[in-house]
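Read off the chains here:
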Amino acid sequence: QQQVKQSPQSLIVQKGGIPIINCAYENTAFDYFPWYQQFPGKGPALLIAIRPDVSEKKEGRFTISFNKSAKQFSLHIMDSQPGDSATYFCAASMESGGSNYKLTFGKGTLLTVNP
Amino acid sequence: GAGVSQSPSNKVTEKGKDVELRCDPISGHTALYWYRQSLGQGLEFLIYFQGNSAPDKSGLPSDRFSAERTGGSVSTLTIQRTQQEDSAVYLCASSSGPKQYFGPGTRLTVL
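Chains L and V are the protein sequences, given in the same order. Heads up, the first sequence is in the numbering used here, so the first residue is 1 and it goes up one at a time. Heads up, the second sequence is in the numbering used here, so the first residue is 1001 and it goes up one at a time.
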């Protein structure tokens, strides 16, 4: 059972474009939704995260939009740059006993930003 | 400050051998997680430590997998009698709340 579904699998945009990556979750008990960026050969790096009590959060060029009723959230990258080319993962977690925030990940989106 | 470190960065082993993977978390982080990243399965949770205890081992795929943590710091993931399907990148993360910080991973190849 895939609890977090991510789309698209891959995405190509031109420099300056606004790629949008979407995720949908099933478990309404999830209450923390982070996005991670991963470059080849590196570990995932936390980009931005949101709680379900807000509909949008912005940090620099990265924005999360959250729709609690639809159980969906998305990442927007403003003014994308070639250096943003990476794999992006959405994830979800909830505290489950003893401060356990284990993450359930989407399958990832490979973003390519052409110069 | 120092982030999460993992060693070795790469490990090639033969089927049937045992391997040990090491994780050094961020100093002061009481929570430590192991995940596995493979092409077919994506990123999967393996085990969670709070201090030296492992209250959630639900993601360990078989009894060939075990992990321990000592001194509330370093953790070791051990895979016994490795199989080819164990080939993956093993990632460690530490946290003091919901934000998890990942290490660079250990790429395990089982021949």
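Rather than coming from a laboratory, the hints here were simulated on the basis of the structure. Any given hint could turn out to be false.
[To be verified] Using 30 Å as the maximum straight-line C-alpha spacing, the simulated BS3-like pairs for lysine-lysine come out as follows:
1) K107/L to K57/L
2) K1057/V to K1099/V
3) K68/L to K1099/V
4) K5/L to K1099/V
5) K1011/V to K1057/V
6) K107/L to K71/L
7) K1011/V to K71/L
8) K57/L to K15/L
9) K107/L to K5/L
10) K1057/V to K5/L
11) K1057/V to K42/L
12) K58/L to K107/L
13) K42/L to K1015/V
14) K1017/V to K1057/V
15) K1011/V to K15/L
16) K1099/V to K42/L
17) K57/L to K1099/V
18) K1011/V to K107/L
19) K57/L to K42/L
20) K42/L to K1011/V
21) K5/L to K15/L
22) K1011/V to K1099/V
23) K107/L to K42/L
24) K107/L to K1099/V
Against the structure, the hints come out as follows:
1. K107/L to K57/L: OK: K107/L and K57/L at ~22 Å, within 30 Å.
2. K1057/V to K1099/V: 20 Å, holds
3. K68/L to K1099/V: Roughly 21 Å between the alpha carbons, so the hint for K68/L and K1099/V holds.
4. K5/L to K1099/V: 21 Å, holds
5. K1011/V to K1057/V: 23 Å, holds
6. K107/L to K71/L: 17 Å, holds
7. K1011/V to K71/L: 40 Å, violated
8. K57/L to K15/L: 23 Å, holds
9. K107/L to K5/L: Satisfied, since the Cα-Cα distance of roughly 7 Å is no more than 30 Å.
10. K1057/V to K5/L: 24 Å, holds
11. K1057/V to K42/L: Holds: K1057/V and K42/L sit about 25 Å apart, inside 30 Å.
12. K58/L to K107/L: 23 Å, holds
13. K42/L to K1015/V: 26 Å, holds
14. K1017/V to K1057/V: 22 Å, holds
15. K1011/V to K15/L: Answer violated: K1011/V to K15/L is near 37 Å, above 30 Å.
16. K1099/V to K42/L: 18 Å, holds
17. K57/L to K1099/V: Holds: K57/L and K1099/V sit about 16 Å apart, inside 30 Å.
18. K1011/V to K107/L: 25 Å, holds
19. K57/L to K42/L: Judged against 30 Å, a Cα distance of about 26 Å means the pair holds.
20. K42/L to K1011/V: This hinted pair holds, its Cα atoms lying about 16 Å apart.
21. K5/L to K15/L: OK: K5/L and K15/L at ~27 Å, within 30 Å.
22. K1011/V to K1099/V: 28 Å, holds
23. K107/L to K42/L: 17 Å, holds
24. K107/L to K1099/V: Holds, at about 19 Å.
Of the hints listed earlier, those the structure fails to meet are numbers 7, 15, in rising order.
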